[in-house]
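S.K.: Chain V is already provided as a structure; the job is to place chain B on it using the hints.
Chains as they are written, first to last, in the numbering used here: chain V, 39 to 447; chain B, 39 to 447.
Some clues are possibly wrong.
Stated by the list, open to error - Computed beta-carbon distance windows for the label pairs:
| no. | chain 1 | residue 1 | chain 2 | residue 2 | range |
| --- | --- | --- | --- | --- | --- |
| 1 | V | Gly360 | B | Gly348 | 35 to 45 Å |
| 2 | V | Thr401 | B | Glu214 | 33 to 43 Å |
| 3 | V | Pro334 | B | Ser302 | 48 to 58 Å |
Everything labelled a hint here was simulated from the structure, so no lab data went into it.
Ideal placement from N, C-alpha and C gives every residue a C-beta, glycine not left out.
2 protein chains.
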Amino acid sequence: MSKNDQPTINRRQLLAAAGGVAIIQTASGEQIQVADPAIPADPTKVPGSPATPVGTRSPFEQTQRRVFGGAISTTPLQDLHGSITPAGLHFERHHAGLPTIDPQNYELLIHGMVDRPMKFSLAELKRFPATTRICFIECSGNLPIWANAKTTPQSLAGLTSQSEWTGVKLATLFRETGIHPKASWFLAEGSDAAVMTRSIPVEKALDDAIIAYAQNGEAVRPAQGYPVRLLLPGWEGNTSVKWLRRMELSDRPFQTREETSKYSDPLKDGVVRQFSFVMDARSIITFPAYPVVLEPGWIEIRGLAWTGRGHITSVDISTDSGNSWQQAELQAPVLPKAHTRFRYLWKWDGSPTRIMSRALDETGYSQPTRAQLETARGAPQGPFAYHYNPITGWQIESDGTVLLAPGPG
Amino acid sequence: MSKNDQPTINRRQLLAAAGGVAIIQTASGEQIQVADPAIPADPTKVPGSPATPVGTRSPFEQTQRRVFGGAISTTPLQDLHGSITPAGLHFERHHAGLPTIDPQNYELLIHGMVDRPMKFSLAELKRFPATTRICFIECSGNLPIWANAKTTPQSLAGLTSQSEWTGVKLATLFRETGIHPKASWFLAEGSDAAVMTRSIPVEKALDDAIIAYAQNGEAVRPAQGYPVRLLLPGWEGNTSVKWLRRMELSDRPFQTREETSKYSDPLKDGVVRQFSFVMDARSIITFPAYPVVLEPGWIEIRGLAWTGRGHITSVDISTDSGNSWQQAELQAPVLPKAHTRFRYLWKWDGSPTRIMSRALDETGYSQPTRAQLETARGAPQGPFAYHYNPITGWQIESDGTVLLAPGPG
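Isolated chain V, as found in the complex (with noise of 0.2 Å):
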């Protein structure tokens, strides 16, 4: 192999690869194996690849999230390790695909109850002084209502994902273009092909609210609201909405679609809850999990834990299908509104069980049972339930199949 030579692997055909062969799939569906030139059997005795400009994956990695329609991609939490989504596979959720911006064109417009309505280009956005947070994002239908035994932890809850965000607080734009006193709301805009609305309340942009330009360092990536998308930490994703090109102050909600169509809670008796904008506090065991099979012995059960009112305080685990629970350890450093990231060392001695993790925050909020959310709000309707966060478990089977035990479905 030449220095300038690159992989050759074609991903699509590619099943498997070792030293020197690789196992791939034609076109017809027959699989045969290969010699691989850039597969060498000792790396050692072959120079490599020179330095690029822009690096990627190996072709031996194929995590992906998964797409549902052309409007809906989870991402793999069962693949991915310590607490920063990698931007490409954030997921995403998009209800007319994603808008081709130029960033030379954009132009941000606050009006309506404000002293002087102001239009931000994205390089006067820049100017202002910047912050810089990790949070997750959460969609509220963060859990299919079809979810069965063989369900993965991507498509049960990969409807959340974390990055670094970087922008300007929307307090500093405010306090620019001045607000009325008796602005309560604003209404924030975006600029796809749904002009996706939602009514915020003016505290939370005085709180905690960013205009974000960057994602992981570098610019927000398209899926996610490329140039500039508004980020609540904590609050339902669709909140936060993405191309964002318009904020219109007033004195009450706007009523849009997105909050009355959309975005609503059916509870019980009929009565439906608006505005439910924070994210409760939920966690999910992502290994083991389904279709891990387990050998026994000892395990690092292996989670994500997140809540939308602050620091996760505790993650309780239970190997015994919760007759008794024991406190996993936190990845620190443990940041609000934030995944974090825990662990707890278990053997396993071969017999059937069910593992649960439950989640506590610092409001004392305990993620509750599939029981106690419905005795309070009902059974979830579909094909997504929104706000929707049980104890999950995995049921491990003597032979060491994990399935997704019933109940958050």
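M.R.: Chain B alone, transformed into the frame defined by chain V:
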């Protein structure tokens, strides 16, 4: 544009674009204006593109590493925000290119002065208790002595980058193999064609060394050591051996070519410093910096500070050529051995001046001037100066031009 159309902008051709129109450069070098249906004048009027398995950057975002030959590429510090470096923009330094390593065939050997020589597969490494931390990796040669007034932050100091790393503590593996009481050093060997080798004190292994298999949530990138690298937080980058395949315990250093002919620091009087592992505190202003042209008014001075010795405790800023210093704001959370984002709001009155930053760390160490460094160690030798961390200034001219101040190169 149909729902499935993707933007068709050719990055090599694109010079500028505005609603519906792109300016491109033809093969002959001519610049022409073309209608570009992929850039809608009003993005709300056309359906966007659908969800995808792996997301990409906006075609308008061209931020890149700068490649020097085949063996170096630098992080575009001036284009990044916050503290995380996107994996594709993490600097590269390698001595024989990037090896292609099949993760199924990967093995890590630990032998020498151990009780039980052992080999670990990648799957076995991932089963051990894991740990995650955010830290920088900086090449010890992170300053080109050819730097001049028109050197950017990327070219001056782009051999430092930051990731969230996950892996198994090396101490955990050494508990598995057992190590002899007299084992005080170990050899770390890479499986690249240079067979990169360094001697590392066992003390560091037992302190905070990590065998890392994940970077920013996903598998370590090939340019950073896929599938497994050694991570020695705070130490010069070459000791965090990439593509790690072997560790040999011994009672003395191995005196490899990388620690005799290279990675040793000539001092005054012909003395050479060997095993200078820890990276000293350093800072650099990334905005404003060459080639930015400023206009008078409020400016947020931004940059990064870091130290291999723990936490950054303060970054001082001078906006009057070093006559007075004020504390910058540090972005929380300030993590140990990590890039720390600093910001300082300043009103430039249009007069020529020099702005500078000075990092202090928890040991009381203060980033030195070039004169202090040269008094202690003599002038640096090239082409890259090792462990050379002088206070860096940017000269602002009355026309707003920003140039690298003499001294750091």
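S.K.: If a hint holds in the structure, say so; if it does not, say that too.
M.R.: Hints versus structure:
Distance hint check for glycine 360 of chain V and glycine 348 of chain B: the Cβ-Cβ separation is about 42 Å, which falls inside the suggested range of 35 to 45 Å. With their beta carbons about 41 Å apart, threonine 401 of chain V and glutamate 214 of chain B fall inside the hinted range of 33 to 43 Å. Proline 334 of chain V and serine 302 of chain B have their C-beta atoms about 50 Å apart, which keeps the hinted 48 to 58 Å range intact.
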